[in-house]
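Asker: If you read the sequences in order, they're chains Y and X. Be aware that the first sequence starts at 0, since it is given in numbering that gives the first Met the number 0, and climbs by one per residue. Be aware that the second sequence starts at 0, since it is given in numbering that gives the first Met the number 0, and climbs by one per residue.
Any given hint might turn out to be false.
Counterexamples of contact, computed for chain X against chain Y with all Cβ distances above 10 Å [said to hold, decoys possible]:
no., residue
1, GLY61
2, SER69
3, GLU216
Computed footprint of chain X on chain Y, listed as stretches where at least three residues anywhere in the stretch have a Cβ under 8 Å from a Cβ of chain X [to be verified]:
no., segment
4, 20-31
5, 109-119
6, 200-208
Because the hints were derived from the structure by calculation, they are not lab data. Glycine included, each C-beta is placed from N, C-alpha and C at the ideal position.
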Amino acid sequence: MTWDEMGPLLWEAAGQTAQMVGWSTLFTVLFGLPLGVALVVFDRGGLRPAPALKSVLGVVVNVGRSLPFIVLMIAIIPFTRLVVGTTIGTAAVVVPLTVGAVPFFARLVETALREVGADVVQAAQAMGAGRTTIVRKVLLPEALPGLVAAVTVTVVALIGYSAMAGTIGGGGLGDLAVRYGYQRFETLLMIVTVVLLVVLVQLIQSLGDLVARRLSHK
Amino acid sequence: MIQASGLRKVYGNTVALDGVDLRVREGEIYGVLGQSGAGKSTLLRCVNLLERPTAGTVTVAGQDLTALRSGELNRARQRIGMIHQHFALLSSRTVAGNVAFPLEVMGVPRAERERRVAELLDLVGLGGRGGDRPSRLSGGQKQRVGIARALAGNPSVLLSDEATSALDPATTQSILALLKRLNTELGLTILLITHEMNVVKSVCDSVAIMADGRVEESGTIADLIRTPGSRLTREIFPLPEPAPAGSVTLTFTGDPRQAVVSEVVRKFDVDVNILGGSIEDLAGGAVGRLRVSFSGGEEAGALDFLRSRGVLVS
Chain Y
0 MTWDEMGPLL WEAAGQTAQM VGWSTLFTVL FGLPLGVALV VFDRGGLRPA PALKSVLGVV
60 VNVGRSLPFI VLMIAIIPFT RLVVGTTIGT AAVVVPLTVG AVPFFARLVE TALREVGADV
120 VQAAQAMGAG RTTIVRKVLL PEALPGLVAA VTVTVVALIG YSAMAGTIGG GGLGDLAVRY
180 GYQRFETLLM IVTVVLLVVL VQLIQSLGDL VARRLSHK
Chain X
0 MIQASGLRKV YGNTVALDGV DLRVREGEIY GVLGQSGAGK STLLRCVNLL ERPTAGTVTV
60 AGQDLTALRS GELNRARQRI GMIHQHFALL SSRTVAGNVA FPLEVMGVPR AERERRVAEL
120 LDLVGLGGRG GDRPSRLSGG QKQRVGIARA LAGNPSVLLS DEATSALDPA TTQSILALLK
180 RLNTELGLTI LLITHEMNVV KSVCDSVAIM ADGRVEESGT IADLIRTPGS RLTREIFPLP
240 EPAPAGSVTL TFTGDPRQAV VSEVVRKFDV DVNILGGSIE DLAGGAVGRL RVSFSGGEEA
300 GALDFLRSRG VLVS
């Protein structure tokens, strides 16, 4: 296989990966952030202690995290059909990617929020700040560097998950490596894909680290 | 200004507060002194209901806080300033942003906020540092930001939770001087908790000494000093215990520079043997305490004379 033949294939696969990871990151943050906040707020000693609710959320999150992604992807096919109307293709992969990453991200959010000092939260309470204000103006801004790190780790994990998207016709770089590199013995393409993935992950991690450092004023 | 009665706080099997009454008058600096674990921190946090007492009531500026619902309580808290041992500043905000925080909570419009923040930073001696990050400030400066923030809502009461315990002695004095100035200039009532007698000596008008969740003694410092055998006096002026037989302890309030002792010696022809003593500058004025023994002459007459000059004899 020549470089000219590989070019369009790689380009298309990279675009699919970007699409899958981009959209699922967006939805993961959208759903995972409130879930992470809920895990902290409803905890014993949290802003609005509700241990029963917190336990239920905790179990849901743990169930989500205990399924290997490839199993999860197949298992929730009916749900995927309900949401996007199809069970194959790039759009269909975004659903299981999001479902798989939300619990993971929520746990990271929970950890980041717990890093915020209890004294700072109490100081805000002593100033008469309500719960919503404390979440919006104290917890989230104070945890921002940690949240950025959490998004970075999640994006990298999503790139990993998306390699399995080929199973349901989602395409992407991982799928390309499997179909051409493994099944058709195109070693060169395999190597190029691997290098591309490594560079991509490196870039994302460095960018995330940089942003987190810029935001931290500790 | 602050009245707490019958406060009890129980955590599981631990009794943190065991029936505490507290009465802080308007415009005074009231110190709660005690070892760690004495319950003073719990007491302070019960005053603005960061901890809800198991039993008892708290009234601040005439308002029974224990009876309020959470929205009303939040509004009441905006009128009670609080400063913290480790400053509790938001690292995500600048100095000005930290001082503006309570104003945002109160819904003060932006222009008004900026004006007020500048004013508050000037008041605590940090004018022009508004754009700095708290991480660039020294401990004393951080506590000044904490004080500016606590004053944002024009509180009538300031609660101080070991506000100088993380600071070195010189910085502690400068923060105490600032608190004293705010107390005088703004008529701010201050309730502070501390484990340092030095803090009580330098700024407090009244004190409560706590141990094991109870108040052991309380009152104005002037009164406690004049109370024979008070713990405060014993701790401020440590004299060897027990007192040797035949010795008396003289407590001089008023002006300790009067030469009362030499007057006694001349008038009553007694020998005065000084066994120990010291003079301390307290917020209410200088106080001296001497342990002496008399020999020869008219001892009884000498003691009566001392009493007539306002010296406390015990």
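Asker: It remains to establish, for every hint, whether it holds in the given structure.
Answerer: Each hint, compared with the structure:
| no. | hint | verdict |
| --- | --- | --- |
| 1 | GLY61 | holds (18 Å) |
| 2 | SER69 | violated (8 Å) |
| 3 | GLU216 | holds (28 Å) |
| 4 | 20-31 | violated (count 0) |
| 5 | 109-119 | holds (count 3) |
| 6 | 200-208 | violated (count 0) |
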